[in-house]
Amino acid sequence: MIHDAQMDYYGTRLATCSSDRSVKIFDVRNGGQILIADLRGHEGPVWQVAWAHPMYGNILASCSYDRKVIVWKEENGTWEKTYEYTGHDSSVNSVCWAPHDYGLILACGSSDGAISLLSYTGDGQWEVKKISNAHTIGCNAVSWAPAVVPGSLIEQPSGQKPNYIKRFASGGCDNLVKIWKEEDGQWKEEQKLEAHSDWVRDVAWAPSIGLPTSTIASCSQDGRVFIWTCDDASGNSWSPKLLHKFNDVVWHVSWSITANILAVSGGDNKVTATSDHYTRFAMFLEPDEN
Amino acid sequence: MKLKEIERTAAQAWSPANNHPIYLATGTSAQQLDASFSTNATLEIFEVDFRDPSLDLKQKGTLPASNRFHKLIWGNFGNGSPESSGVIIGGGDNGVLTMYSVHRILASKSEPVIGQTEKHSGPVRALDFNPFQSNLLASGANDSEIFIWDLNNFSVPMTPGAKSQPHEDISVVSWNRQVQHILSSAHPSGKAVVWDLRKNEPIIKVSDHSNRMHCSGMAWHPEVATQLVLSSEDDRLPVIQIWDLRFATSPLSQLEGHTRGVLSVSWCQADPELLLSSAKDNRILCWNPNMGEVVYELPIRSQWCFDVQWCPRNPSVFSAATFDGWINIYSVMGGNLEAQQKTQADKISSSFNNLDPFGTGQILPPLQVPEQVAQTTLIPPLKKPPKWIRRPVGVSFAFGGKLITFGLTKAPGQQMQQTYPHQVFISQVTTETEFLLRSRELQMALQSGNLLDYCQGKIQTAKLPFDENLWNFLKVNLEQESRSKLLKLLGYSKEDLQKKITSCLSNGIPDKQPLPEANETNAAQPDQLLINSSDAVAAVSSSAFFDNLIPQNISTLEIPVTEDTDGLISQALLLGNFESAVELCMQAERFADAIILAIAGGENLLRETQKHYFAKQKTKLSVLLSSIVQQKWQDIVCTCNLQSWKEALAILLTYSKHEDYTQLCDMLGARLESEGDAGLSNDACLCYISSGNVERLVECWVKNHETSSPLALQDLIEKVMVLNRSIEMLQGTAGPAPGPVLAERITQYASLLASQGCLAAAMDYLPRSSKELLIEQLRDRLFHAQGANVGDQQPPPFPYTRVNVGVIKHTSPAAKGGSAPEGAASKTGPRHPEKPNYQSSFAPSAPSQPSVPSLFTPQPVPAMSMTPHHVTPPQASTGPQTGVYSRGSPYPQYNLGLVPAAISGQAVSQSQPFGPSGVRPVGPAPFPSQPSLPGQSMPMTSSGVPPPGPTVFTPASVPSSQLPAACPLPVASQSPLGFSSAPFNCPMNMGYPQGGPGAPSTKPLPAASIPPPPTAAQESWTDPSAIRGGLQKKKKTRRKLEDALQRLECLYEKLREQALSPAILMGLHEIARCVEARNYQQGLLVHTQVVSSSSFSEVSGFMPILKVLMTIAGKLNV
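Protein chains in written order, with the UniProt record's numbering: chain A, 1 to 290; chain B, 1 to 1118.
Keep in mind the hints are simulated off the structure, nothing from the lab.
Note that beta-carbon positions come from the ideal geometry of N, C-alpha and C, so glycine has one too.
Don't take every hint at face value.
[As the list claims (entries may be wrong)] Stretches of chain B that chain A covers, calculated by requiring three or more beta carbons in the stretch to come under 8 Å of a beta carbon on chain A:
1) 134 to 145
2) 390 to 396
3) 773 to 785
[Claimed, not checked] With a straight-line Cα cutoff of 20 Å, these simulated EDC-like cross-link-like pairs (lysine to aspartate or glutamate) come out:
4) K387(B) x E43(A)
5) K387(B) x D101(A)
6) K384(B) x D232(A)
7) K703(B) x E675(B)
8) K387(B) x D198(A)
9) K24(A) x D66(A)
Start from the sequences, fold in the hints, and give me the full structure.
Shown next as structure tokens:
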């Protein structure tokens, strides 16, 4: 059973992961599909894969029920493990790379309730920060906020390192969506978003399209998909809007790159794409066949 | 991992799965007493809130009960009403069955007990709700007594049939999970009876003949109707038996793991492969009943757990009630067992209240709990991933509007239901059909160049007058004599005006007073300089007035010499004192006379007089006159009433010089814009269109128009592109690179196009010349996203600072040779040629884009790690520059930023590479004079693991000021040509290490499998570069050579891909030899042979340019 499939930054390679413990990479340019790597190293079903930004090379992270997170790297056409993280006590359910502006940082959410943040510090070294008890019973999904410098859309004076506020959202078995914020190098719970009545299966922070509004989509075991929006820069007041109630579990939500379409996949085996421009949530359409 | 705990000796029941929030009901357990010997009974309801990380449960309702409980269950009965949370049924001593309304307990309302019966004769230990009909309840007590209750009529029970013989206790009753009329009961004797309620009789008895089974628990399979498990409480047979009623003679299998009798079992409804059991060995195990293996174990506890239950709603969670008086809630997903035992031990002690219960006069010491486990015990999660965390379906978006879906029962768009468990679908999502349509129209217009028709169409379909106007302006910009046409658009046509003047003159204006007073006709106008058409008439026709005026004054000449003004003027004139005469006239306000005199008095005087005149005359028209006469266009622009911006613009169109025109238009636009009024801002847009200032147009537009929706953005981009094109036509060159605001919109637009799958179109809109980071980033992404479709184009520079990840490895050449088999090379082949391209390009871009933060501290990169392709080895010796992580590159020119450092000469110590190296699998080198090429791993080397031997390029210790013949080809071909338009401002004249003819080609070569001829051929392509080296000044050939560079890339591409046939390779090899020998004639001959003997498509990309190069070289004799 395939559990995740993600395209790289350019949309030319597809990584899939599966119950058979494998991670596979395909070249899918121009409609082709050539298997270019079959990565073995996990000892359990692999739940998710995530591509890093190409400025870090060809880097793929995968997480598995075997409690491990593996960072793979392509060198000379060969994919190899470059880092393995075994700091979780239970299944690692979600991995997500931070916006490339922050450096190479991976957030990992686990069924042990913790979220780990793995930062590459150079020379093959990784620094680990762990938020224990982020979600009781387990964290199912993590998703980073886009890199936006607070207060202004104007570019920082050159040479000066922009003062990013790092945030990410997580969803878990405590039915909560939480927003985490880094303050003085420490991760703190900034917001607790309550609306779901069962496990939050996925969260997706919408890509920034230059508007001051932040938007998060969350979906749940309870069949509900919520859109959370926050208009103020401080990030304090989030308001939920029920996008739709499905009859079965909703497993995945994914924003399009331009953040105007939300794709939702549920246990009733339907994929629904929802178009919105932050104002209308009504349109449902089936993706075109290609 | 323990999640919650509560100190109760109690029977427990979870709220049903559909209930939110999750509750746990507890009822004081019968047959267990604590130290208080109290016989009170309480029913309590706790909320199990996992949002709260503490171990406590929140009590939500409590109720004193008449009986203690043997069994407690919670059902959905009555859940139709919104406020209901179902009912709890308690089985007590003496055959009492009590039904409670959960809602009433939670709301502390009166009469929470909604039903009670004492039909049973003994303690009721067995209860179960029918999973299909929430009003049906089965209960079992002593003497084989089983009742079926309809909760709607709680007084009269039914029986499933005649009592089984011999009479014995009922320990469990359970409804089948699939077939609603099937019920089973289990007895301590080890027997289980299955009842069919339709037949009202037992249909099968299940019993193993060992007689050692002592049934404590029973459960139906959640999915397979014919399977059930029985657990045995007997210490001699501490097993769980799995029975299949289709083969009911003996158990299907037996789960053996407990060492003492099993007390309870619970089958997970969310995953039938998980079965919980608790036993007298103090352990709680979770089994995979299919495999018969233990997949989870909760470490040994101090006390038996007499009841385990999965939480129906939260599948990872179960509760366990123990004889030591605790109910604990655990997760099977592993984690820390934390410091739980300590708190319990404390509470056990304190339950004695530290008093002196036995009257010994000594206070009891705190209770020691010898079994206490380590404070933090890691419990591994379920060995087998539970069903509920396996994501069966998924969806994700990718660049270019691609939607990836998997796990669907049908492919998107397909009607047929079919399972594709192992397939991933990639579909293209297009949502903005109208946007795409309009975008296509625009693109076609831009490509065909037929923009006039496009504008005309826009004018006709424009809905708003402003829009129409705007398109009119844009259209006029594209036409010849745009200025006069613009004037016409503003309402001023030369022909019309001529007509008006003619009619005006024939109506006797000359009779009126001279010019200064003419403005009296405009008395109704506002105060400020407000130019209207009649003013313009006056302005333009002023000279005509004078023409007409002069003849009228002719009469007999009479020269007054009196002392009055006339006389003085005459006298001054007689003496030729024009200055005084003019002054006198001015004083007498005889302005016409003054001007006429001033004309005679020379240019200076005229100018002075004009100035005086305008200073004195403060009429409405005079300001206009003054501005026009004195050519102070800026004054007009800065002071005119904004309502008459059209007139101001007309003046600019008529008078201002081309070089001032745009600036003045912009100023006017800026004034209009600064008013903040939407209407004026629209007018400002017209000004910017007139001036052709795209950036300002966009800035102004976005202030007043929403551009976030696709169509609104399309509106803007249409205008921008048309205006841009008109400027290109006007200036003959591409317009200036877009500023930040426009760049943002263009990027937005291109992103939108890309998101609809139009990658190539999106690319077209992004100007190559732009240095805007956003545009560069999107160009890079679009380029690579298109895969091979843009193979002949030069990849744009990589707009990010590269960061190398991972430990830099040092691999020996031999190892490398072994570990980079041909298979690997060919497998990744298709992507490879392009991959290094963009890898390489970031290096120079880093310094030029300081806004990209480099978050990684520079780390020393050992020289060994340097790529084999180019001149980077000295990087090792240049501290600051190592912040940029260079990666392998086939295009060394991009790394020119590093070149100055490369000349340090230190790196020579690293170089021993170019002797024939063992890694080179190619046959004998065809050119003994040349060193063999670096190893076959080269083309794949990104960074980190090059073979140390041949990796390092040998820079000669003496930098040569002359460009060497053999320096890397693309470098050589670019540098002498200056190539200032290239995005890399590299110090071209720094020179390259003189490699001599033996210098290695730094081009990446195909892997080991490439045959020798192309190798040699590539080697000597360094010679054409030498040719170009000598051509610096030849401007004419320069262009050709720039082109050549691009075409040669095509050749290199093919060589890397090994896409060329042996015949062509041989030919290239031959040509190379000729070039090396400077025998271009021969080279051309060979060239012709190759071309004539090969398929056109194979060689068309590069052969023509080789010919051009050789021809040039031959002519110049280099």
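Going down the list of hints, with the structure as the test:
no.	hint	verdict
1	134 to 145	violated (count 0)
2	390 to 396	holds (count 7)
3	773 to 785	holds (count 3)
4	K387(B) x E43(A)	17 Å, holds
5	K387(B) x D101(A)	37 Å, violated
6	K384(B) x D232(A)	45 Å, violated
7	K703(B) x E675(B)	12 Å, holds
8	K387(B) x D198(A)	16 Å, holds
9	K24(A) x D66(A)	17 Å, holds
Hints 1, 5, 6, counting from the list given before, are not met by this structure.
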